[in-house]
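Engineer: Dock chain B against chain A, hints included.
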Amino acid sequence: MSGTIELNGGALAALMPMHMILDGDGVVRATGPTLSKIFADEDMVGRAPHDLFDVRHPADGLEKLLAGYVPRQKVRFYPRNGARCALKGEAIALGGGQGVFINLSLGISIVDAVRQFGLTQRDFASTDLAVELLYLVEAKNAVMGEAMRLNSRLSAARSKAQEQALTDMLTGLRNRRGLNLALEALIAKRAVFSVLHIDLDFFKTVNDTLGHAAGDEVLRRVGEILTDETRGHDIAARAGGDEFVVVLEGESDPKVLKILSDRIIARLEEPIPFDGTLCKISGSIGATTSRSYRYPAIDQLLHDADVALYAAKDAGKGCFRMAEIGHEDDTRQTA
Amino acid sequence: MHGLVNKAIQAFVIGAHGPDAWDAVATQAGVTPDGIEAFAQYDDALTERLLSAAMAHLNTSRDAILEDTGAFLVSGPSSEALRRLLRFGGQDFRDFLFSLDDLRDRARLAVDDLDLPVLHLHSAGPNSFVLDCGWTIPGCAALVVGVLRAMADDYGVLAMMDFSDTRPDAIEITLFDDAHSAGREFELAVVR
Numbered sequence: 001m002s003g004t005i006e007l008n009g010g011a012l013a014a015l016m017p018m019h020m021i022l023d024g025d026g027v028v029r030a031t032g033p034t035l036s037k038i039f040a041d042e043d044m045v046g047r048a049p050h051d052l053f054d055v056r057h058p059a060d061g062l063e064k065l066l067a068g069y070v071p072r073q074k075v076r077f078y079p080r081n082g083a084r085c086a087l088k089g090e091a092i093a094l095g096g097g098q099g100v101f102i103n104l105s106l107g108i109s110i111v112d113a114v115r116q117f118g119l120t121q122r123d124f125a126s127t128d129l130a131v132e133l134l135y136l137v138e139a140k141n142a143v144m145g146e147a148m149r150l151n152s153r154l155s156a157a158r159s160k161a162q163e164q165a166l167t168d169m170l171t172g173l174r175n176r177r178g179l180n181l182a183l184e185a186l187i188a189k190r191a192v193f194s195v196l197h198i199d200l201d202f203f204k205t206v207n208d209t210l211g212h213a214a215g216d217e218v219l220r221r222v223g224e225i226l227t228d229e230t231r232g233h234d235i236a237a238r239a240g241g242d243e244f245v246v247v248l249e250g251e252s253d254p255k256v257l258k259i260l261s262d263r264i265i266a267r268l269e270e271p272i273p274f275d276g277t278l279c280k281i282s283g284s285i286g287a288t289t290s291r292s293y294r295y296p297a298i299d300q301l302l303h304d305a306d307v308a309l310y311a312a313k314d315a316g317k318g319c320f321r322m323a324e325i326g327h328e329d330d331t332r333q334t335a
Numbered sequence: 001m002h003g004l005v006n007k008a009i010q011a012f013v014i015g016a017h018g019p020d021a022w023d024a025v026a027t028q029a030g031v032t033p034d035g036i037e038a039f040a041q042y043d044d045a046l047t048e049r050l051l052s053a054a055m056a057h058l059n060t061s062r063d064a065i066l067e068d069t070g071a072f073l074v075s076g077p078s079s080e081a082l083r084r085l086l087r088f089g090g091q092d093f094r095d096f097l098f099s100l101d102d103l104r105d106r107a108r109l110a111v112d113d114l115d116l117p118v119l120h121l122h123s124a125g126p127n128s129f130v131l132d133c134g135w136t137i138p139g140c141a142a143l144v145v146g147v148l149r150a151m152a153d154d155y156g157v158l159a160m161m162d163f164s165d166t167r168p169d170a171i172e173i174t175l176f177d178d179a180h181s182a183g184r185e186f187e188l189a190v191v192r
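Protein chains in written order, with this note's numbering: chain A, 1 to 335; chain B, 1 to 192.
In isolation and in its complexed conformation, chain A is listed as follows (with noise of 0.2 Å):
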């Protein structure tokens, strides 16, 4: 296998539509039609690749082949004419002063090329793999169209699963619509019931100092401590931030709520153990029960609960306060 082959130009042309033959002075003696295309109706012939192209690579030109120096080199062209394509072949010294035989391809900027040249099939070798490249491209953004829609239509069967959701992801206790939904139940069939608001104090400290690991690892203990406290039937709600809510059906003595609300301000005040260090924390409780109302609301009886909390928050933290529920409030409750 030796010896040279004649191509005439058409065999060139359907072979390796984007070539260009120098001649021995180094100026342009002819293209492929693909490369003719790019530059539109400028004639080449006759012109220096220079004039044509920013030769970026070969830095010093192609000077060394078109003397003989080199036998093959890499190229990199950008067409001067203000295309938007980066060139890349293989230039070919033909020998004996005849010049140079360059072959080119669009690479990577042939999604951008078939746009600005309106390039077709017939414009590429049947070998070159530019259309199934294109192919690609296009089945790609059809799936990743369809990824898309796939994510956003599970991002807002998530968000409304969330919504919908009664639990607190992270301490398992009722979340606020979990604890409201229970309220109007037990509105709803007139029970007596107790609300017990529950603050943590110094929260914020082990927050600010140990980070948010740490913060959640309280948030997780007191779910623990206020599910032990609490009996089956009694419900334990985190209505947000640091903030609890324990409510028990059945039970309306501020004797027995102060009983249990000291037993759990003194769990909470137990340190809590995280990552070699201990978190201290305790609570402040204000509470309120169904009985001080004629006809007991939600806001009401939790918004009552929140002052009698701030009372128990100015009279030192980590202590329990029943909401003082005056004649006035019943009246405005009934009107």
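No wet-lab data here; the hints were simulated from the structure. All values reported here derive from a predicted model rather than from experimental measurement. Ideal Cβ positions, reconstructed from N, Cα and C, are used throughout, including at glycine. Don't take every hint at face value.
Unchecked claim - The calculated lysine to aspartate or glutamate pairs, modelled on EDC-like cross-linking and capped at a C-alpha distance of 20 Å, are:
#, chain 1, residue 1, chain 2, residue 2
1, A, Lys37, A, Asp54
2, A, Lys140, B, Asp102
3, A, Lys37, B, Glu187
4, A, Lys189, A, Asp234
5, A, Lys258, A, Asp306
6, A, Lys160, B, Glu37
7, A, Lys140, B, Asp105
Said to hold, decoys possible - Label pairs and their calculated CB-CB ranges:
#, chain 1, residue 1, chain 2, residue 2, range
8, B, Met55, A, Pro33, 49 to 55 Å
9, B, Phe39, A, Lys189, 44 to 50 Å
10, A, Glu224, B, Glu37, 36 to 42 Å
Structural biologist: Just chain B, lined up with the frame of chain A:
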């Protein structure tokens, strides 16, 4: 069967017969109210239930549903993306026919668990071909005939597609006119 295939049946029933027809078919086939997920694998039995339900509801044959689904896939109003992907197979219809042997692999480049039919084209004369079809469920030839008829139209050729009398799951293709009509526009670049 891949969700994309079941979704194609869904698209055809909705597109050609309306959302109510699809609701009836889906209910009878036991599709969950969320509908069919494009990127999920389903048991072939679901595809069979969809086809049976569509046959009962639309009062037509299994082959007719598959063929119409195939044609709808390519020529339906929302099928431009798929039509284009198929057109990348060849610059003319003959080229396209020869690219069908690669169809399954091409699809897998995009979605690697998509099991499209296995197709083999044989030349039977200068203008006639036989296409062997194989798939996990029966009726593949009908689906492919639908796709081919729509693609012939797309390329603007006059061709006849028929089920072979001598080979099971094979299609006989006869080309009468390579440039029967202008066909539909196809540029390599997506028109934005």
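Engineer: Could you run down the list of hints and mark each one as holding or not?
Structural biologist: We went through each hint and held it up to the structure:
1. Distance check on the hinted pair: A/Lys37 and A/Asp54 sit about 18 Å apart at the alpha-carbon level, within 20 Å; holds.
2. Restraint check for A/Lys140 and B/Asp102: satisfied, since their Cα atoms lie roughly 17 Å apart, inside the 20 Å limit.
3. Distance check on the hinted pair: A/Lys37 and B/Glu187 sit about 16 Å apart at the alpha-carbon level, within 20 Å; holds.
4. The hinted pair formed by A/Lys189 and A/Asp234 meets the criterion: a straight-line CA distance of about 15 Å does not exceed 20 Å.
5. Distance hint between A/Lys258 and A/Asp306 is fulfilled; the C-alpha atoms sit about 16 Å from each other, no more than 20 Å.
6. Distance check on the hinted pair: A/Lys160 and B/Glu37 sit about 19 Å apart at the alpha-carbon level, within 20 Å; holds.
7. Restraint check for A/Lys140 and B/Asp105: satisfied, since their Cα atoms lie roughly 14 Å apart, inside the 20 Å limit.
8. Between B/Met55 and A/Pro33 the beta carbons are some 53 Å apart, a value that agrees with the proposed interval 49 to 55 Å.
9. Roughly 47 Å separates the CB atoms of B/Phe39 and A/Lys189, a value that falls within the hinted 44 to 50 Å.
10. Checked against the given bound of 36 to 42 Å, the beta carbons of A/Glu224 and B/Glu37, roughly 39 Å apart, stay inside it.
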